[in-house]
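If you read the protein sequences in the order shown, they are chains L and P.
For what it's worth, the UniProt record's numbering labels the leading residue of the first sequence as 1, then goes sequentially.
For what it's worth, the UniProt record's numbering labels the leading residue of the second sequence as 1, then goes sequentially.
Any given hint might turn out to be false.
To be verified - Derived lysine-lysine pairs resembling DSS-like cross-links, with alpha carbons at most 27 Å apart:
| no. | chain 1 | residue 1 | chain 2 | residue 2 |
| --- | --- | --- | --- | --- |
| 1 | P | K49 | P | K256 |
| 2 | L | K46 | P | K51 |
| 3 | L | K46 | P | K111 |
| 4 | L | K72 | P | K49 |
| 5 | P | K13 | P | K23 |
| 6 | P | K256 | P | K13 |
| 7 | P | K32 | P | K151 |
| 8 | P | K252 | P | K9 |
| 9 | L | K46 | P | K49 |
| 10 | L | K74 | P | K39 |
| 11 | P | K51 | L | K72 |
| 12 | L | K74 | P | K9 |
| 13 | L | K74 | L | K46 |
| 14 | P | K175 | P | K51 |
| 15 | P | K111 | P | K76 |
| 16 | P | K175 | P | K252 |
| 17 | P | K49 | L | K53 |
| 18 | P | K51 | L | K74 |
| 19 | P | K23 | P | K175 |
| 20 | L | K134 | L | K46 |
| 21 | L | K53 | L | K74 |
| 22 | P | K23 | P | K9 |
| 23 | P | K151 | P | K39 |
If you're looking for bench data, these hints aren't it; they were derived computationally from the structure.
Single-letter residue listing:
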Amino acid sequence: MSTFLLEIVTPERIVFSQQVDSVSVRGDEGELGIMAGHLPLVTPLKVAPITIKTGNTATTLAVHGGFVEVQKEKVIILAESAEMSNDIDVERARAARERAERRLSSGGNRDLVDHRRAELALQRAITRINVSSKGKE
Amino acid sequence: MAKGMREIKRQIKSIQNTRQITKAMEMVAAAKLRRAQEKAQSSRPYAEKLKEVVDGIAAGTTGISHPMLVTRPVKKTAYIVITSDAGLAGGYNANMLRAVMDRIKATHTSKEEYGIFVVGRKGRDYFRRRELPVVDEVTELSDSPTFADIKSLAYAAVRSFEDEQFDEIYICYNKFINAITQVPTINRLLPFEKPVASASGVKASYEYEPSPESVLQVLLPKYAETIIYGALLEGKASELGAKMTAMGNATKNASKMIGELTLTYNRARQAAITQEITEIVAGANAQS
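Just need the whole structure built from these sequences, with the hints factored in.
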C-alpha cells in the first residue's frame with residue numbers, strides 16, 4: 001500500500017510528521033478519507049477527531065480550528081491546536097464541557113457571539129474527551 | 001579613618017550582593033532567550049504554510065475579494081502594542097512605547113481616531129496613566145506564551161476590523177535582531193497587502209471545498225492571528241535579549257565599582273597604618 005507524508009502543524013510546533021497510509025478528517029462539507037494520490041484539495045476542518053492509519057495501528061488526535069491541504073505527495077493539516085490522546089487533560093476537558101453546557105442552557109439566544117463561543121468550546125471539550133477515551137482502549 | 005573604612009567595606013558588600021543578583025538574572029535571561037528563540041523558530045512553519053495557501057488561492061483564482069484585502073478609508077486605527085510584564089529590561093519598553101507615541105502623535109489629532117490593544121503590564125500601565133483608549137489587554141504572560149494566551153486578544157482585534165470598528169490595524173513589537181539589538185517596529189497587519197499572483201512557479205491547481213471564497217473567509221482571520229502570535233514570540237525573545245544585555249551591563253558596572261571601592265579601601269587602610277606608625281614614632285621620640 002502506498003503511503004504519503006502527513007504533517008500536522010500548529011502555531012507552536014510541528015505535532016506530527018510521518019509516512020501514513022490514510023487519514024480521515026471531518027471537513028466543512030463532511031467526512032473525508034484521504035489516501036495517497038488524492039486530488040489536491042484545500043478545505044477547512046470542523047472541530048472533530050482525526051484518525052490516522054499506519055499499517056495496523058490507528059492514531060487519533062483532537063484537532064480544532066484547522067484546515068487540511070492535500071498536495072500531490074503530502075498532506076498538511078494546519079490547526080490552532082492538535083493533541084494526541086495522551087496529551088489531553090481529561091479533567092479540564094470535562095470541566096470545560098460542563099461550563100459550556102451551563103452557559104448554553106442559561107444564556108439562551110441573548111448574545112450570539114457568546115452563544116457561538118460556548119458551542120465551540122463544547123465541541124472542543126467533547127472532541128478531547130472522545131479522543132482521550134479512544135486512546136485508552 | 002577607621003570609620004570611613006567600615007563605611008567603604010559595607011558598600012563593597014552591598015554592591016557584591018547586587019552583582020550576584022544581576023549576574024543570576026543575566027544567566028536566567030540567557031537560558032530563557034534560547035528557549036524563546038527556538039519557540040519563535042518553531043512557529044514559523046505554520047505562518048509560512050498559511051501564507052503559502054493564501055497566496056495559492058490568490059494566484060489560482062481571479063476576481064476573489066475579501067474585506068481583509070480591501071483598503072477602505074481610514075476613520076479609526078488600532079494599534080496592537082507588545083510590551084513586557086516585568087521591568088529591568090533596559091530600554092525595551094521605553095523604546096517601544098516612545099515609537100508608538102511618536103506615531104500616534106504624528107498621525108492622530110484626537111483620541112477618537114485610534115484604539116490600543118496592549119500586551120504586557122508595562123504598556124498597559126503606561127497607556128492607562130495617560131488615559132489613552134485601551135480596547136483590550138493581556139498581561140501576566142509566561143515566558144513561553146502559548147497561542148491560547150493571545151488568542152482572545154487576537155480574535156478581538158481581527159473581529160473589530162471585520163466589524164469595521166477599526167479600518168486599519170498596526171502591530172507594534174520589538175523586532176529581534178540579536179541579543180544586543182532590538183528594533184521597535186510598527187507594521188500594518190490589516191488590511192493585508194494584496195498577495196501578488198503568479199511568481200509562485202509550480203502552482204498546483206487545488207480543489208477548494210466548498211469554494212475559494214469560503215476557504216479564504218476561514219483562512220485570513222487565522223493568518224492575522226498567527227502574525228500577532230508570531231510578533232508576540234519575537235517580542236518575547238527581544239525582551240529576554242534586552243534583559244540579558246541590561247543585566248550583563250549591570251554586572252559589569254558592579255564589578256567596576258567594586259574595583260574602585262577596593263582601591264579606595266586599601267588606600268585608606270594604608271593611610272591609617274602610616275598614621276599609626278607616625279604616632280608611635282613621635283611618641284617614642286618624645287620619651288627619649
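**Request:** Run the structure past the numbered hints and jot down the numbers of the failing ones, going up.
**Result:** 1, 3 and 12
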